[in-house]
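First to last, the protein sequences are chains E and W. The numbering used here numbers the first residue of the first sequence as 6 and each following residue consecutively. The numbering used here numbers the first residue of the second sequence as -11 and each following residue consecutively.
Treat the hints as calculated values from the structure; they're not laboratory data. Please read all numbers here as calculations on a predicted model, not as lab measurements. Take these hints with a grain of salt, some might be off.
Taking beta-carbon pairs under 8 angstroms as the criterion, some of the chain W residues facing chain E (in silico) [claimed, not checked]:
| # | residue |
| --- | --- |
| 1 | A92 |
| 2 | V167 |
| 3 | G171 |
| 4 | D172 |
Here are some chain W residues the structure puts well away from chain E; computed CB gaps all over 10 angstroms [what the hints assert, rightly or not]:
| # | residue |
| --- | --- |
| 5 | I40 |
| 6 | F214 |
| 7 | G229 |
Just so it is clear, CB atoms sit at the ideal spot from N, CA and C, and this is done for glycine as well.
Now for the letters of each chain:
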Amino acid sequence: MSKKLLLKHDHEPGIQTYEVYRKHGGYASVEKALKTMTPEAVVEEVKKSGLRGRGGAGFPTGMKWSFLAKPEGVPRYLVCNADESEPGTFKDRYLMSRIPHYLIEGMITSSFALGANTSYIYVRGEYYYVIAILEKAIKEAYAAGWLGKNILGTGFDHDMYVQPGGGAYICGEETALLESLEGKRGNPRIKPPFPAVKGLWGCPTVVNNVETIAAVVPIVNDGGEAYAAIGIGKSTGTKLISASGHINKPGVYEIELGLPVEEFINSDEYCGGVWKGRKLKAVVAGGSSVPVLPADLIMKTAAGEPRLMSYESLADGGFASGTMLGSGGFIVMDETASVVKNLWTFARFYHHESCGQCSPCREGTGWMEKVLHKIVHGHGEMKDIDLLWDLQRKIEGNTICPLGDAAAWPVASAIRHFRSEFEEMINSHAVEHA
Amino acid sequence: MLKVTIDGQTIEVPEGTTILQAARMLGPEVAPPAMCYYSTLETSGGYCRTCIVKVTKGSEKDPRPMPKPVASCRTMVMDGMEVQNKTSPELLEARKGVVEFLLANHPLDCPVCDQAGECHLQDLSFEHGAESTRYEFERRTFEKIDIGPNVQLHMTRCILCYRCVKVADQLTPGRSHGVLNRGDASEISTYIEKSIDNEFSGNVIDVCPVGALTDKTFRFKNRVWFTKPMDAHRECDKCSGKVALWFKGADVLRVTGRKDAFGEVEEFICNTCRFEKKDAADWKIEGPRVIDHKSVISSNHYLANNQVPDFAFREVADYKAIEDKPVQPVPAQNQLNN
Ligand SMILES: Cc1cc2nc3c(=O)[nH]c(=O)nc-3n(C[C@H](O)[C@H](O)[C@H](O)COP(=O)(O)O)c2cc1C
Ligand code: SF4
Ligand code: FES
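Let's have the full structure, built from the sequences with the hints guiding it.
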């Protein structure tokens, strides 16, 4: 069963251009919203749709929008988070480079709903070619009258800008992103105040992920209820999954939420099974930050239910036996992969990317990396496993932004589910060195 | 007024008071340690995480506990809030973790550091840290840098509290950057040298909780516990002129702001008072300064179980007598290895 919304036309030749995009129904949501709906009505549809943020945290988008402060005479902003730097996640890049107008359309419709006359797309700096694609598309949209003054004669003005990112994973954290957008060092802000009250240049701001904003297009076109009918329970709609690792068909897939994990891995429509006929060992289901799960727990919950690709099902069992949907970066490891080595790679990443403001993350990420380096390079001792466990425990929940948690969870889950692999690695080297 | 209970003690505070401020109103024994917050520096706090507390009841209206420890310096009191600091073993364990992180890359060069004896990191690790370190890797080091003629920056000792950045920020308009690089490679930027080249730049020394920013006119002159602090003042057209003079015999070795029980200066002083008035005749001496119990300057500070030495709060008149008293052996129950 495949239900496609965002990637319905991604293989259409020329879909990058305005003409072809428009021919396939592009910009209908702008027309519908601006001409036939009030901003409040658009927010209402988004609430009804049950759409949840696709950037990682899964916060209900309609609710986020209704928190936006609306003081008299103060501008409001919509900022699109296209910083996409989570290892294993590359769906936003695909959407933006394939169908740039989809995002722009979603941006205009969403900005109308929020009463924002200016919006920004903050794109990961390394995605320089995507920036060029977006800029070209924005130019086309201006030329066709979808951007600028008095759009469609409705009196709604809107300007859109693309901002290249600061070259750091932390700039994807929404308040660090705003700092960076203001031209400052990308350090996360201490919250409260939240962006909805004091965001860009101190004004009320909504920050949403690329995919979240794109999903507003079908929600406005078909209505919130139609969107909510797709998916399962509180996981409504479709989700882009970036599939990578030891599978036959890595790539970006649009799935209906609720698809069984087993089908996603094994079906030819998606991952096409573990490569080389090997056995599945582990999966990181939602980008590098979420807990890694062993094969049995990713296929079935601890209670024996089939695991589904949804916010609730993946989280079933808490961190003891579950994980998170996160940003949808689905990393598959076969039986030959080393969970410990992979963890060291992640730890290196978080150490490199910590902004350094708060002590547990600044010092803890580097420390964990060094301990893992020691283990992977054959000098590990049994006490190092307990040390790692203790360090991650003392970082988690004690930091300004969630990067600290994101660094801690992979370590915790690897030890929880693959402790024996750490022990084997340490023991085998101990024999070697004896 | 809002009611808040911290470690079983209740106090009423005005709206907009942080948990840390409320705890300080209850007294130094209740207040959590704060390595980056500085009440007179705007936007300070939130970084070091030593001031974390456990909120067991959010407020009268919403009694749910907060799921994670919060930074008390940046969390506002709500009416009916209940907070645990020293009464929560779990919290103390988390704080121990923070201290261990702060020390992981610290050189522990106290024997050659001018700050020793009045260093907040020393106090913090004694009161809240573990006995030894589990960190076994090379620690990061930096070259020493001169920030102007009178201040030296020794980044190796820095704990990145951002206080000096805020001083620079708030004493020189238009300035916004103070840190280069990121993560554990972060360093206070030398750009500071240009931007705080003004009459108040010396205050970065007083706000630095460790020995990263030191007074070059005092470097290696003496250990602080061998010097005698006196309150003094002079007519100054730039600042209040109210300072602490640090004497060795009849010589003024150092001039600093007057620090309160929480290690914060009462008033920022100007560079002229700090660096250029090293003659006792420049000053009107008010009398010996009573040093807060947290400083080893008051000797025998390191008591077991965080007891307060009664010594610290004696009358000024007793000061001389204490000075002249022969050193008493430390009673066994007060010894370090407790
Ligand atoms: C370290 C860190 C990196 C993040 N990177 C991204 C990112 O690249 N893209 C993104 O959409 N959200 C990212 N987020 C989440 C954002 O802070 C924010 O929650 C999100 O943009 C909100 O959009 P949504 O509600 O549409 O999901 C990151 C969060 C953290 C803590
Ligand atoms: S958790 Fe890490 S990345 Fe986030 S503010 Fe603290 S040091 Fe910076
Ligand atoms: S004093 Fe509160 S976080 Fe540093």
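Against the earlier hints, flag every one the structure doesn't satisfy and list their numbers going up. 5
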